[in-house]
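If you read the protein sequences in the order shown, they are chains Z and W. Taken in order, the first sequence gives residues 746 to 1077; the numbers are from the working numbering. Taken in order, the second sequence gives residues 316 to 605; the numbers are from the working numbering.
For the record, the hints were derived by calculation from the structure and aren't laboratory data. Don't take each hint at face value.
Partner residues aside, some chain W positions facing chain Z, computed with beta carbon under 8 Å [what the hints assert, rightly or not]: (1) Gly329; (2) Thr332; (3) Arg336; (4) Lys340; (5) Ser404; (6) Arg441; (7) Thr445.
Chain Z is nowhere near these chain W residues, computed Cβ spacing over 12 Å in every case [what the hints assert, rightly or not]: (8) Leu333; (9) Tyr555; (10) Asn576.
Remember, it's a predicted structure, so these values are computed and weren't measured experimentally. All residues carry an ideal CB built from backbone N, CA and C; glycine is no exception.
Here is how the chains run, residue by residue.
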Amino acid sequence: MRNLAIKAINLTKRFGKSVAVDHINFEVYEGEIFGFLGPNGAGKSTTIKMLTTVLTPSEGTAIVNGYDVIKQPAHVRQSIGVVPQEYTADEDLTGWENMMMMAGLYGIPKKVAEERSKELLEMVELTYAAKRKVETYSGGMRRRLEIAMSLISRPRILFLDEPTLGLDAQTRAAIWQYIMKLKEEYKMTIFVTTHYLEEADMYGDRIAIIDKGKILAIGSPKELKEKIGGDLVSLQTNNDELAIKVVSSIDGILNVKKANDGIRIKVRNGEEKAPEILESLVKNGIKVSRMSITEPTMDEVYMEFTGKRLRDEDASAQEMFAFRRTMRRART
Amino acid sequence: MIEEEKNNYSVFHGLWTLASRELKKWYKAPVILLLSLIQPIFWIGIFGKAMNLGSIFTGTSYNIPGLTIPKQVLDQIGLEILKQTFGTSDYFSFLAAGMLSFIVLFTSMQSGMSIVWDRRLGVLDRILTTPVARGNIIIGKVLSAVIRSLVQATIVLVVAILLGMTFYPGINPLDFLGVYAALFLMAFGLSSLFLMLALRVTSWESQMAIMNLLNLPLLFTSNAFYPVKSMPYWLKPVAYINPLTYSNGVARGLLLGISTNLGLDFLYLGLFALILSTIGIVLSWKYLSK
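Throw the hints in and build the complete structure from the sequences for me.
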């Protein structure tokens, strides 16, 4: 059995009358990338803030690295690294000074701190800008510095709240390269929230879909895709009517439909079922001119569980900032 | 309220890191540093010199019509009036001593702004995830405000001396030490107060409003410009609550030799600093993690 890094037990947060996070339960295993996927205001950031002891849960609790976030917040803080959603480096200080400040806050001796800062800045390729004030950094550079800053204490779990928000596609890919490196080289557990489906799909070992404060589904991207009804097999034949009849009688077929360019078959484990389908069709004298198997996209998975497309909610970075500002005001 | 559990960090963990962060920003921005030096110089140089009551009473050519009172007598009367009112005939020095507390008040007040900015810029979110005790986040800021206040007060003192502030004869280094101790306590209490008020504030506009609401009343209900005994009866109790009254008392007592109850002054300032910083720490436990 794999060791648990995080366990949330009925974790709940209320802000006044509204419930931001509603009795959620989940487990994160050591050494995995756990993606928290959901639209804005779904409760992703609130969850991360409770797990990192910035917010106190209204109900329930979570165990992080074996420590209770309510009873042992200082121990939790000591054992984790956090990259918050906002840029949190001090703009008036240089990258290096920010690193050293973080080291001071974790009580790391100066000599060790200098070594680690050097190594980490090297890793995120910021050595050349270490002596520059952070206010001169670009968005991607700042995000990389944030990651380096949260690694100074060599945490066992790294929390990242929307690490790629507002960045261009290239920079987003680069940030993910660093995150993958941390997982592979340091065997770090990574808890990351995102509202980009492709990211969750590509990089997440397991994903939780959250909406309106509730977890709707948890599993690996593959499991989630299977859960919503398997793969899609598309066929072009010389006799579609007969083909539909034949295919419908095969065991394990979920659904067969006629489309304007052939027939569509929904089936679990499409790759294993396809030869069987082909065989029965040939046996019945039907010629198949074209066949394709497609896995459901994360988009479909998301749609299935939340009843809406995530893209509709995809706001520009500017709208996001305005949104976050309002949220922050609403909370105080 | 959640009590912080025992951990392997000392009580002071992170304090100096946080204080030095703010000090670094302060001394690394020469323009802001320069501006903050100009303000006290203006106050002491222009206000202090222009508001020179001494020149009204002495060395003038007034006389009472019909009576030819010798000038010497008039000057002597003027000096006696000043001495009776202010405890010294040197109003400039009286005011200069008061300016020390004044500059400490204005510098401490800024401390609240820094936490509002830290919150808005996200720096606070980051610090909250590190193993620094909540209370130390506040005390770190208090510490940096206290250090800045004392540096500013020193500049005011030097400028005042250059402009003609005179001490009582026989002044010794211990007197200065005492003045600094009093200013330290007041800065500690005042910056705790303004930080406390800023704990839940998210916009710098509201914090500015709070500061403006409190700064001049604090200044004018103290004995910075005039002694408490010349105040109307309803203002006196307010002046006796105002910590500036006590730090002014110490500064004037030790630097100018104006009689004051030093024991009471220090007791009040000590309690002021202790109580407000304690409340600040307790509230920061409560409000920094919501």
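Hint check:
With its C-beta approaching chain Z no nearer than about 5 Å, W/Gly329 sits inside the 8 Å limit, and its interface hint holds. Hint status for W/Thr332 relative to chain Z: holds, with the closest Cβ pair at about 3 Å, below 8 Å. Below 8 Å, beta-carbon pairs count as interface contacts, and W/Arg336 has one with chain Z at about 5 Å; its hint therefore holds. Evaluation of the W/Lys340 hint against chain Z yields a held restraint, the C-beta minimum of about 5 Å falling below 8 Å.
For W/Ser404, the suggested interface contact is broken, since its CB lies about 47 Å from the closest CB of chain Z, more than 8 Å. Hint status for W/Arg441: holds, given a least beta-carbon distance of 4 Å to chain Z, under 8 Å. Interface restraint check for W/Thr445: the shortest CB-CB distance to chain Z comes to about 4 Å, inside 8 Å, so the restraint holds. With a least beta-carbon separation of about 8 Å from chain Z, W/Leu333 fails to lie farther than 12 Å from that chain, contradicting its non-interface assignment.
W/Tyr555, annotated as away from the interface, keeps every beta carbon of chain Z farther than 12 Å; the closest lies near 36 Å. Non-interface status of W/Asn576 relative to chain Z is upheld: no Cβ of that chain comes within 12 Å, the nearest being about 42 Å off.
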